[in-house]
Every structure is written in C-alpha cells, then in structure tokens.
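Chains as they are written, first to last, in our numbering: chain Z, 1 to 500; chain B, 1001 to 1315.
In case anyone wonders, no lab produced these hints; they're calculated from the structure. All residues carry an ideal CB built from backbone N, CA and C; glycine is no exception. Some hints could be false.
[Claimed, not checked] Okay, the calculated beta carbon distance ranges per label pair:
| id | chain 1 | residue 1 | chain 2 | residue 2 | range |
| --- | --- | --- | --- | --- | --- |
| 1 | Z | Asn-257 | B | Leu-1172 | 54 to 64 Å |
| 2 | Z | Lys-372 | B | Lys-1118 | 35 to 45 Å |
| 3 | B | Leu-1172 | Z | Gln-72 | 54 to 64 Å |
[Claimed, not checked] Here are some chain B residues the structure puts well away from chain Z; computed CB gaps all over 12 Å:
| id | residue |
| --- | --- |
| 4 | Pro-1033 |
| 5 | Met-1090 |
| 6 | Thr-1133 |
| 7 | Leu-1179 |
| 8 | Thr-1197 |
| 9 | Ile-1207 |
| 10 | Leu-1246 |
| 11 | Gly-1264 |
| 12 | Pro-1290 |
| 13 | Ile-1299 |
Listed here are the chains, written in short residue letters.
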Amino acid sequence: MEEILRLENINKSYSGVKVLYDVNLSLSKGEVLCLAGENGAGKSTLIKILSGAETPDSGKLTIKGHEYQKMQPAEAINLGIVTIYQDVDLVDTLTVADNIFLNNEIMKHGFIVDKDEEIKEAQRLLDSLNMKIKADSLVSDLSPGQKQNLQIAKAMHKKAEILILDEPTASLGEEETEALIRLVEKLRNDGLGIIYISHYLDEIFTLGDTVLVLKDGHHVVTRKISETTEDQLIHDMVGRDTSAMYKRKAYYSRGDNALKVSHLSRGKRVHDITLSVSRGEILGIGGLVGAGRTEFVRLIAGADKAESGTVELDGRDITPSDPKDGIRNGISYISEDRKGEGLFLLRSAKENIGIIKNNRKKIALNLPEEDKDVREQIEKLSIKVFSPEQEVSTLSGGNQQKVAVSRWLLANGDIFIFDEPSKGVDIGAREEIYQIMENLAEQGKIILMVSSTMTELISMSDRIAVMREGELVTVVDRKDFSEDYLLKLYIQSNKEEERK
Amino acid sequence: MSLPQKKEFRIPQWLMLLIVILAISVITAIINPRFLRINNIMNIFEQISVLGLVAVGATIIIISGNFDISVGAIIGLSACVMAICINAGMNSFLASLVCILISMSCTTLNGVLSILFKAPSFIISLATTSIFTGLGLFITKGVIRTVYGQFDFLSKTRLFGFIPLLFIICLLGFVMVHLLLKYTQVGRRLFAFGCNTRAAYLAGIDIVKNKLLFFAMNGFFVGLAAILLLSRVGAALPSTGSGYELEAMGAVVIGGVSINGGKGDVIGPFFGVLLMGLISNVLNILGVNPYLQEIASGIIIILSLGISVLRTKKD
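Given these sequences and hints, build the entire structure.
Set out below in structure tokens:
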C-alpha cells in the first residue's frame, strides 16, 4: 500500500517538560493505525502536531511525499488531514447542510447562499456514507452518534485523505458504536488513511491494522494487530522501569475508617459511590480520563453539590454545601486545574499562600503573623521565589503547585484531596510533593489522590479505588497492585462484563 | 528546574504619573506663571474632589473585575433627592445620610441584578443608568432643584484658610480604601475575587456576599461624591453627574488598575484623577477652546487604555 504520512523523530516539550521523544509513525492508504497508551502518554500531543495545532520541537513530517517542518491548521486541512476531536465542533443552531458547507457555501447569483442545492448535495453525501441523517434537520436535534457521523461527513466533504479520530466512541452507546465502527471500516476500504485513538481494546482489535504504543512520550513499539494479543498490548502500555517510582518509607493507616462516603451521586458523572478512608491513609483514585474521578472528589470538597448521599467524618455528617462549608470541616481540595481554579496568578506568593488562613480573620489582617507563616512555608517546601511578593504567574509549574499546596498546609485541615498532584510538575518537585503527602499521612491526615499516572498511584497509595463511567468498580488492596491489573479494570467495558 | 528570574525593575504607575504631572506643571508655569498661584492650585484640588471619590469607588469595582457605569446617574438621582430633602427643611446631616443610603441601594441593586441574571455588571449598569435617570426626572419633574446658600458650608470651608475641606474629604476616601486594600481581609478577598473568581470560591470566599459588599462600598463613595457635588454647585439635576462614570474609570485605568480585575492599588488612581484635573485646568489657563477640551479628555482615556493593554501584554 502507498504511504501517505510519515513522522520521523518527533520531539515536543511544554515549558521544559518533555512529552514526546523521537516518535516515528507511518500510515498508508487503506490502513487503520490505532494509537494506544495510558492517559498522558502523548497521544493527544501527537495528533495535535498532525493537525497543525502544535509545532514539534524537532523532527520531520512527510505528507504525500512532501516534507514539512511544521504546519498551520489550515494547511493541514488543505492537505486532506482532518481531525475529529471528542468535543464535537458543530454549530448547533444551523442545519446539517449548513454545517457541511460552512465557510464553503454554494452560491447563486454570486452572493446568495443556494440552500436547496446545498441540501441536495449534502443529502447525496450523507447517503453515500450510509448515514441516516436528514440534511435539512437542525444539528441540535441530532444524537451524539449522528453528530459524530456528521463530523466525518464534513471531513469527507473537505476531501479528507487522512482522518484522525480521537476517542470517537467515548460518548456513544453500543449501537452507535457499532455503526461508527462499520463506517470507519467502509472509509478504510475506500482508501483513506485512518488514525484511531481509543482506550477500548476490543475496538482496537476489531478495527486496527497496526497499533502504535506510546508510554510517557516514548514510542514503545508498533505492532501488526494480527500478530499480537490483548495481554501483550497491555504489557506494552504499562511495562516500565520501576526504579522511577517514589518509594514510601512506611504506611500509616490507622484503620479507623474516619471518612465515610455513602451513596454519593451527581448527574451521570458520579453514581452511587460508597467508600471509606482511614486517618493516615492515602487512597488513590484511578480510572480513565472522564471516568468521573474529579467530579467525585469535588463533591466531597463541596466544589459541586451532591444530589444525594452523605460524607461523614468520625460519624458526624459533614456533607458540604459549598467549599466554604467544606473548609470549615477541614477539607482541603487542591484542584487539578491549578491556573483555572487554584491560583491567583496575578497576585503574590504571599497572598496566595495566606488566602485560606486569612479568610478566617474578621477584619484586620495580622501582617507580621502572615509574613512569618508564609516564610515558614516557603522554607519548608523550598518554594523557589526571590521574595514572598513575587507574582505567582512567574513561577515554574512545580513551584506553583507547592504554593497551591502550602495554603492548605497552613489551614491545617483533616482531609486533603489532591487532584493530579504532579500534573505539569517537573520531576524534582514531584518528588517533594510526594514527600509532603507522605508527611501528611504520617501526621494522621486523611488523603485522597486522583491520578492518571499509574506509577504515581501504585507508589503512593495505600489502596486504589478504580472508577469507570461514574461508578466505583472496586477498591484494590496494595498486595494486588499491578499496572496490568489496574489497566484491565480501567478499560474493561461494561458490555464485556455483562457478557461474562 | 527553572530558577526564579531576576526581578525586573518597573517604575510604579503612580511615579510615572507624578513625573508627567510635574512636567506639565513646569511647562504651564513657564508659559503662564499665574498657574502657580496657590489659589489656582487649591482650585484644582477642589475641582478633583468629586471625581476623586467616584474614582475611589470605581477602583474597588474594577479591581473586583466588575464595572458600574450607572454611577453618573446615581449621583444625579441621589443629589436631587438630597436637594428636595433640604428644601423640605430636613437637617443637612440627615439629608446627607439619605443621599448615601440611596446611592448605596442603587449600586447594590446593580450587584443583585448582576448575580441574579448571571449577567456582566457592565450590561446591568448600562440598563439601570436609564432607570436611575428616569427616576430622577420623575421625582424632580425635570425641574432644577436649588439649595443656594442652604448647603454650602462644606464647599466654603477652607482649612488653615486655604485647603478646601472637599479635598480633605476626598483624600480621606483614598486613605480609607488604601488601608482597606493593604491591611484588611476584605482587601485580600477583593483581589482574589477579581483575579480568579472560581479559585476564590474554592478557597471558601463567599462570592455573592462579597460581590454585594464591593458594590455597596462603591455606593458609599458615590453618595459622598454626590453630597460634595451638591455643596459645590448648589443645585441638582438628574443629569448632574453624567460623565463622571467614564472620567473616573479613565482615571482608575490611567492609575494602573487592570481592567480585567485583580490588580492595582488606589495610589495610582489618585494621581490619575490629579492628572485629569490638572489637564482641564491647564487647558483653561492656556485658553484652549472648551470644545477641544472635551476632545482632549477623550484622548487621555484612550491613551491610558493603550498603556493598560501594553502593561497586561507584558505580563
């Protein structure tokens, strides 16, 4: 088969953190290449480079025989590379035909949009793809699966030759998933080159011709699907050098089950979760992105309000109604979205660190006390600032995270919730943050840690709660920790389970 | 690991303004020495005191990430009511309290509506501007309300025989808010709120209560400004205060407060107000056509916005 796309030695880093190392990829016409890897392995970055949304630091792109150092998004589309992301980008208030011809309208008399012609053309296209969509219906009336289809139709209208699908079935039901898989098969037979990202192994094995495995930004291996097995693939995805792991000194769980969460629910993302955590314990919470982990811990912190269920501490009901309420009961929530909802970037390190404790003051601040507190934290966590007055936006990711953590250390609550504690944090600082977490456990604090990094979960946790599609699958004990087993729990689809 | 960068030295905004103010003063004094007369300088101080208080309130609102462009209309409304009260024989102290109360109710209403409809306060206050103006017209029946000779002790009083009391009141307003921003928990909340409202919420700051507090504080200073204005002019119309809202916002932004909220102080706005008062005085002294003066004040606001954009870009 004729090769239409080749990547050679692609490297990419974000603000000093390297996310792709020498990745190679080759795609031919009529091939489905699956990208596999854990959360944060670099899959998204790779497709962003392909679609022109990101520029690689080094490496070569060869598309249909032409070499490129980098691409603009518009260039990529002109070359026939169309990426379909999880979050559908369609204009809901326009019709299907309008969306297909958006920015490329059929005109009559030079300046009037020829609606009838557009609808006729669009319907012909939809029919040729076996899509059961009416060209004159409003996009807001379509189902998620139909929207996904429409995106593909739009891509075909743009004469796509390389189609990149980023977890296209993530929000689809079973029937729609099957229909989508049939569609992708048809497109492959029509000669398109397809890059398909999915967490679901059964989809990879049904659809894929080849699979490229990424791990921590490294290109592990490219295998022919016909020559591999599910277990082999899981091993490729998780197997790694264990020396990179943080080594805990000891485990401190007091076994008192002090924090009890019962039947906590909110919408579709968190459904009836019951679990308990002891003082001195670090409970890891694992699962795929979108499994509802963040949504779950936000309910405990009061960042969102639970629709039903309770949170109890030592038998006392502390189900928070808002963050203020949660803080009053000693709950600290260190958000995953540090810049969006953690830090006050334009303000000084001092104000950021002091915010929770100062909030307890009635009117006047105690500036000398604040100064002492802040300097103590800066020293204890070795936060690299030239003065407590330094603006937080000028700090590195690791130091920003330390600032975000230190405000809660100063507030000295009982419960600490870390959501992706090492996200965007360099390796050195990561170690220090783990140290802080272990110290908290030693002091008898209750710690919950949402993490998408396997090594982090396995090396830090006393136990790991696995979530999938808003539900608690199981809580894994330390003796059963293994990356293969956890990943299996993450990605086993519910359908599969029902079959068993 | 990245080491902390070297601290770059940046001239504080107020110092920049002070330099500009001194430069303009020197040039004007050379052209027309009359400018330096103590009487003229005290005149400038007296003239900026109303604008100053409006700017004090606007500083709070803008740092919180909001806008209130109805303050001009609120000045008109509360000054009219106050004039009516005085005419009806109310003691002028009580009438002043009524004035402040009305002003605070109006600004708080802006806050309430903005929260209720989850709408930007800019849009809400745009709408309430015409409500407040209309209310003022209805109450006064469109007739000017005069209080000549009944309420001029504020504007006539000069400390040590030369410092206008109005300016002292305005200065007190600046000092109050300066202390509020630097030394109180409300100040910290204000910056946190304006900088990142979601983060403030997660840090346990009551978003609704504090937003209303910021708007109410703005109302206090606006009410005070209305009292000063009535005392100076001796008469009120519903349109008396129009234009102050934009001039004050201009002064605040020239003073280095970020229009995106979360950053700034009240010292910069003080010099911003002083600069605006100075420029209008200088243009007068140099005999520039009053219509052109209007154009000049618009240009100053545009220049200041430009500076603000450049500053935030650098960050």
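Hints, one by one, checked against the model:
{"no.": "1", "hint": "Asn-257(Z) x Leu-1172(B): 54 to 64 Å", "in the structure": "58 Å, holds"}
{"no.": "2", "hint": "Lys-372(Z) x Lys-1118(B): 35 to 45 Å", "in the structure": "41 Å, holds"}
{"no.": "3", "hint": "Leu-1172(B) x Gln-72(Z): 54 to 64 Å", "in the structure": "57 Å, holds"}
{"no.": "4", "hint": "Pro-1033", "in the structure": "44 Å, holds"}
{"no.": "5", "hint": "Met-1090", "in the structure": "33 Å, holds"}
{"no.": "6", "hint": "Thr-1133", "in the structure": "35 Å, holds"}
{"no.": "7", "hint": "Leu-1179", "in the structure": "9 Å, violated"}
{"no.": "8", "hint": "Thr-1197", "in the structure": "9 Å, violated"}
{"no.": "9", "hint": "Ile-1207", "in the structure": "9 Å, violated"}
{"no.": "10", "hint": "Leu-1246", "in the structure": "25 Å, holds"}
{"no.": "11", "hint": "Gly-1264", "in the structure": "10 Å, violated"}
{"no.": "12", "hint": "Pro-1290", "in the structure": "40 Å, holds"}
{"no.": "13", "hint": "Ile-1299", "in the structure": "28 Å, holds"}
In this structure, the earlier hints numbered 7, 8, 9, 11 are contradicted, and the remaining ones agree with it.
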